[in-house]
Structure formats: structure tokens, C-alpha cells
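K.L.:
Listed below are the residues making up each chain.
2 protein chains.
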Amino acid sequence: MAEILTIDPALVERYIMTLAQHGACGETGVCRAAYTPAWVAAQQQVADWCAEAGLTVWRDAVGNQWGRLAGTEAGPVIATGSHIDSQLPGGRYDGALGIIGGIIAVRALKERYGSPRRSLDVVSFCQEEGSRLPGANLLASRAIVGTLATEEADTLRSYDGETFREVLASVGLDADRIGEAVRDDIDTFLELHIEQGPILEHERIAVGVVEAITGSRTYTVTITGRADHGGACPMDLRRDPLVAAAAIIGEVLATASSMGRPAVTTVGRLLVEPNYPAIVPERIVLTVNARHPELAGGRALFARHEATFATVAAANPQLGLTWTGTDGGEPTVCDPGTVRLLAASAHDQGVTAKIMPSGALHDCQIMAQRYKAAMLFVPSKDGRSHTPDEYTAPEELAAGIQVLAAALHRLAY
Amino acid sequence: MAEILTIDPALVERYIMTLAQHGACGETGVCRAAYTPAWVAAQQQVADWCAEAGLTVWRDAVGNQWGRLAGTEAGPVIATGSHIDSQLPGGRYDGALGIIGGIIAVRALKERYGSPRRSLDVVSFCQEEGSRLPGANLLASRAIVGTLATEEADTLRSYDGETFREVLASVGLDADRIGEAVRDDIDTFLELHIEQGPILEHERIAVGVVEAITGSRTYTVTITGRADHGGACPMDLRRDPLVAAAAIIGEVLATASSMGRPAVTTVGRLLVEPNYPAIVPERIVLTVNARHPELAGGRALFARHEATFATVAAANPQLGLTWTGTDGGEPTVCDPGTVRLLAASAHDQGVTAKIMPSGALHDCQIMAQRYKAAMLFVPSKDGRSHTPDEYTAPEELAAGIQVLAAALHRLAY
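Which chain is which? The protein sequence lines are A and B, in order.
For the first sequence, the numbering used here begins at 129 and goes up steadily by one.
For the second sequence, the numbering used here begins at 129 and goes up steadily by one.
Isolated chain A, as found in the complex (with noise of 0.2 Å):
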């Protein structure tokens, strides 16, 4: 039974408005660090929506934000949410959507259907981006599954050098209790998010079926040369470390595209020392980020990385050239058939639909460890992420919103 569910586009709108007041920086932007006084403002607005709705609301043992709308059998339930913490700047949309996403949703349905047969929970992650703790992207989701040990708390810290144990004091907190965190009762995970990428806008399609989560690997490349005075010494006496890197990042850039969609790379952090226009650069610093969604094709994409790092030092034995390289994860593959069901869902609500992989990292990724998972993802527009200039209009918005509660229908009704 195929029956189109209603969105309000204005509605979806005022709410993402209203929480965007909470951390508002500049015109358009969203500074919302975990555990902040902005964070805690904004969890307390999704449970006052949360209650408003009708739906049950408690605060867990690391700060998620919970609210269920109860289902009249008993047995594992349907969960869907995103994140409340933002990058510094963010945006409007990264993470709240999926927030506000699935409170409109739930409340939707409850309003046409009544009492779903399962119950359904809406949950606003307390950390995603890593913001505030560097090193604790995916905080939230990791003590949901089990994974976030409690030792952690102790060392984990923030930018201001505070232990996340001290952190969650903060906000009413005790460390001690992580493991209260953890959800053995969930039987499938949805996440509505803004694409963060142009492919949806350019190709012109209303929703993304994500049915795999990059995989991902950080290289830090170091290669140190001598400062030399830019005018006094020969170029054939140099030791120039920027030789190698302009070198490696042609290269890596070049693999990346050559290889094609899903296989991405970036160079986005390149430190130069001293940095002076007429010095000779002592010392660079360079991160290479590359990512691939499927495990052969992230493993042929890093082997080629590193093949070029070790061809580029053996070419300038004058540089000393190291690197090191950190997985940001391995692909997660999406639960197939809740894949399907929001591809159904799409289909049955006449929004257009692609199957795609996600470029970037969500809670999905570690929801999936444990429960059924999957994403859907809206067009971003220009494929504007942390950053003020996100937007993804009304209209789109609801689109997302509609193949979500349709899909929340399919499994809790």
C-alpha cells in the first residue's frame, strides 16, 4: 500500500530555524561543540519537540538525546537520528536534519497511523564531528553499539586540554556510567542527512539510497629538506623538500582521479617551514586523505599511495621523506535489505532515488557494527558542507523527510 505521505515543506523550515538559533555564529552558520552551553540548549529544544510530539524523552548515560513514540509489541526497535554537535563554523543542516528529520516523521506518522507495532526512537547524537574532542568523531554512536571504552573518558581530551571525563561533568555527566550508554534492543538504524557532496544536485535526483560508507585512510607525509637563502644557493646545492611534494601531490591527485568515482583523495593541510617567500622551505608537512567505499578498491587506491611516496623518495635520496598512515575505518557496507526498503519507500513515494556509496563518515557507519542500518541522503547544494554556505531548500528537505517516514511505516507498522 502505496500512500503518499505529507511533508510541510515550511514546518521542516521553522525547525531547522529554531535549531540553528542554538550556536548561531555569523549570518547563516552553526558553532555548536559537543557539550557546550549552545549543545545543551539544543538537546533541550529536541526533547521539548520530542514531548511535544507525544514521544517518551530521556537523556542517556553519554548525552544522546532520546525520544520514543512506544509500539504495542514488545521486541527490538526501529531507531533514527543524526548528530547534534557541528563543525566551528557549520552549518544548518549537517547532522539536524537527520534530527529533525526523524522527529517530523515520527510525529507524521503518528498523527495518520496511530501506535506503530514496534516502537520507534528518535535519537540526537551527542558527538559526530570531533569538534570538541579531536580523535572522538562517532563518540556517540561508539557507546551506543559498546565500543566507546570507559578508559576513554580519562583520555580523550578536548581542544582546552579537559579529559572527557571532565567534559561530561560539565554537563551533569558521570563517566563512570558509559556503559549505561549501550543499546542492545535496536533492530535497525536509519539516518536522513545532507549529501555533503554535488552528485544528487548534478544529477539532478531527490534522494541517495546509501548502501555503503567509505573507507578511509590518512596519510601524514614529512619530508624535510634545508633552509636555504633563496637567492645565495644554487639550485643544483638545494635540498628543497617541496620538490617532493608538489611531485606527490601531483601524483596522488592524479591516481585518484584516473581511478574514478568512488575513489577520492584529497591534500587539504600543507604546512611549510619557515614559510618565508625567499627561504629555501626547511620542511613540509602534508596529509594525504584517500577514501574508497569498497574494500578491494580502498586497499588498490592506498597501495598506489604509498607506491608513490616510496617512488618519490627513492627519486630525492637529498630528502628525508616518512609517512605514516592512519584508517579512518574500513568500508562499511549498508544492511541490503533496509537498502532496499528505502529504495522501495522512494519509489512508493514517487521521489527519485539513487543507490550510492557516502564519501563521508556518519554514525550509520558504526550503527551498522551492530543493528540493520542505512542512510538517505538529500541533495546538498553546490555540495556546500561544514561550512555556512550548507543549504538544501524546503522542499528537498521534505522529499528526504517523506522516504523516511515512509521507510519508519514499512518497518514499524
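No lab work stands behind these hints: they were computed from the structure.
Check each hint, because a few of them may be wrong.
Treat identical chains as interchangeable: a pair holds within one or across any two.
DMTMM-like cross-link-like pairs, simulated, lysine to aspartate or glutamate; straight-line CA separation at most 20 Å [stated by the list, open to error]: (1) Lys-482 - Glu-523; (2) Lys-509 - Glu-180; (3) Lys-482 - Glu-331; (4) Lys-509 - Glu-410; (5) Lys-509 - Asp-313; (6) Lys-482 - Asp-364; (7) Lys-509 - Glu-280; (8) Lys-238 - Glu-201; (9) Lys-238 - Glu-401; (10) Lys-509 - Asp-364; (11) Lys-509 - Glu-331.
With the hints as your guide, set chain B onto chain A.
P.N.:
Chain B alone, transformed into the frame defined by chain A:
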């Protein structure tokens, strides 16, 4: 008559170490920006040494410290010296050597030969580096030859925002009197300096006789693309300015290398925005500093670099690519007679010498606009310069001073 002049290395070393105490920073560094208290103290030290040596001392309108051993005949004077200010941090030798060497040489000549026929002036230039007043490099010598306009007192500003007028007033000087620093009575100017490069050390030669000082042009290349999520934006939809930056860096460095000595090109400064590992850069600004001591060679080098910028821009229409070029001066040809005289003086003293260009800028190139002028270099250990690592052994310093003294003897006695 080739009498061997003896310069005591221990004396030279003592002078170097004494002067280095003014503005000493770290183990071996010197932080002596123009017109600071450390600079005032250093200029006073120079004046005291000149007075001890029996020279008449005075400070001119911009703060250059002069000492004169009066000649028995009237007529234009023979001058030598270098600059007292340093990079931040710089080393003990850059600039300082030419002042100390001048004082020691003139004192040795006076002790050995008495009064010269022509007056011998030693000068400690107030500011050469531009480390306090950006863009004011070579200011001291410009004041002397008469190309420093009084208006610059109000347009030049220190890194702290003070006008040059205010900076002068802070040491009791009146900007309206800048014109009084002009000298029209100098016949020949000699400058002794560390090489700042590795050539003399590499070839095991005691002194360099500088026949030309490099011309330079600094390009600022700005490449604008679009910041994208490093995972979510496929390679084929990116506008990554680093693609063009890597191509330019590789090509301009290869161009100078393939042209060979004395062409040099340095990419020393590179700014990447926003400079996060997982965000495709939005904007890159890089400097291309190109130098050649010959007019035709410089023009060829600059033309090839500009062709590279144009080619890379044309190959990357998805990017904005603009550049500006700022001339750091045309090459300076040192006075051929003075170059021959310096070479002959080295030969007389049994000191190995090499005729060479200077890849670094020096006050001598400004002095050469109005007076006969040339330079002497001594080796720089490992080519180090503009760093606390600068080092030249006392014996090597003394050999340079010995040749300087012999040349001053030829010119003034």
C-alpha cells in the same frame, strides 16, 4: 708592493661575539631589528670601537653610524661597511662582519701605515633587512644615495603599525631631515659579507669577489577553487586549486634547475585555505621568487615562469588563477675596475678568490647606483644564512678582512 697584512682571528672573533650580545637570542641567534634598544646599543658599540681606533664618529639623519680616518688630501672618500640590523632571528655574521671587518681593517691600516691619502669611512647601515619595516629593505643605503623620499617617512610602516617617522623619532631622529643623509663625496664603496650560500665552502675558496648582484622578481600566485568535502565530492566535480599549485611548483623549480647557475627560483611561502585534512582547499597563495644576476638571463627566467602560470591557468579553466610580479630590482653590475682591484688584492695577499655573482641583495647594489662599488664574500658554513646557525670560522673571517684591508690600502694610500 704586496706586503702581507696580518689580521688576528682572535680579535675578529672577540668583536663578533661582543656585537652579538646586543639583541642576543637563543644560543647563537641575534634579534636586532632596526631602531630597537638592542640596535641602539649595537650602533653605540660600533661608535665606541671607531672612536677607540682613532676615527671621528657621527650618526647621520637616518641613524647610519659613521667613523672616519681622515685623509691627508681632499677629495672623495673610500667607504666600507655593512648593516647592523638582523633578521628575527638572524645569526651573528650577516651584516655584522662588514662593519667589524671595516673597523679592524682601517685600524690595522692606520697602525701600519698612518694616515691615508684619501679619507677612509666605515659605515654601519641602520637598516637593510626590512625585519622591522616591511618593504624597507636597503633603506639605509637608499638614504645615502638619495633615493629615499621624505614622504616614505609617512608611508612606510613597521609590523607594529608605527610610521617610519615615529620609529625615527623613537631614537631621536627627525624624518624631515632624511635628505641630510645623502652623500655626494664617496668615490668607492666596498662591502664585506658572508656569502649566505654554499659555493665558496663547496669549492674550498677563501673569498668571493662579487661582480654582479642578482636581479629578482617575486610573483604572488593566487589560485582559487572551491572547498569541498574531501569524501563526498567526487574527483571529477572538484575545483581543487592544489592541482594547479603542484603543477606550477614542479615546473618553476624544474625551469630554474634546467637553466642552471646562476638562475635560481624559490617557492618559499605557501598558504592553503582552509588547511584541513578532509577539506579540498578553497584557495592557495604561493610565492615564486626568481633571481638572476644578468639582465637577459633574468628576463628569460621570468618569461618562462609567466608562461608556466599561463599554461597552467589555461589547462585548469575550473580555477581562478592570477599572479602579480614585484620587481626586487634589476641586476647590479659591480664596478669592473673595483672588481679587478679586489681580485688583485686577494692575489697579493695569497688568498684564493673566485669571481662570482651574489644571489642575495645587499646595500652594495644601492651604493653602486651612485659610487664605484663591489663586494667581498667569505664562506658560510653549510651555506647557512638568516638563521642562528650562521657560522664562519675566525680564520676565514680574518682572510676576508685581510683582502678588504689590502684593497682599502690600494684605494686610499
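K.L.:
Evaluate each hint against the coordinates.
P.N.:
Here is how each hint holds up against the structure:
Taking CA atoms no more than 20 Å apart as the test, Lys-482 paired with Glu-523 passes inside one copy only; the shortest distance there is 18 Å, against 77 Å between copies. Neither within a single protomer nor between protomers do Lys-509 and Glu-180 lie at most 20 Å apart by alpha-carbon distance, with minima of 31 Å and 76 Å respectively. Proximity of Lys-482 to Glu-331 under the C-alpha cut-off of 20 Å is restricted to the intra-copy arrangement: shortest distance 9 Å within a copy versus 67 Å between copies. When the C-alpha separation of Lys-509 and Glu-410 is checked against a cutoff of 20 Å, the pair qualifies only between copies, where the shortest distance is 16 Å, while the shortest distance within a copy is 41 Å.
In this assembly of identical chains, the alpha carbons of Lys-509 and Asp-313 never lie at most 20 Å apart, being 37 Å within a copy and 70 Å across copies at closest. Taking the shortest Cα distances, Lys-482 and Asp-364 sit within 20 Å of each other only across copies (18 Å), while inside one copy they are farther apart (54 Å). For the homomeric pair Lys-509 and Glu-280, neither the shortest alpha-carbon distance inside one copy (37 Å) nor that between copies (49 Å) is at most 20 Å. Only within a single protomer do Lys-238 and Glu-201 lie at most 20 Å apart by alpha-carbon distance; the minimum there is 15 Å, versus 109 Å between protomers.
With identical chains, the CA atoms of Lys-238 and Glu-401 are never at most 20 Å apart, being 60 Å at best within one copy and 47 Å at best between copies. In this homomeric assembly, Lys-509 and Asp-364 come within 20 Å of each other (Cα to Cα) only across copies, at 17 Å, whereas the closest approach inside a single copy is 49 Å. Taking the closest pair of Cα atoms, Lys-509 and Glu-331 come within 20 Å of each other only inside a single copy of the chain (12 Å); across copies the shortest separation is 61 Å, beyond that limit.
Of the hints listed earlier, those the structure fails to meet are numbers 2, 5, 7, 9, in rising order.
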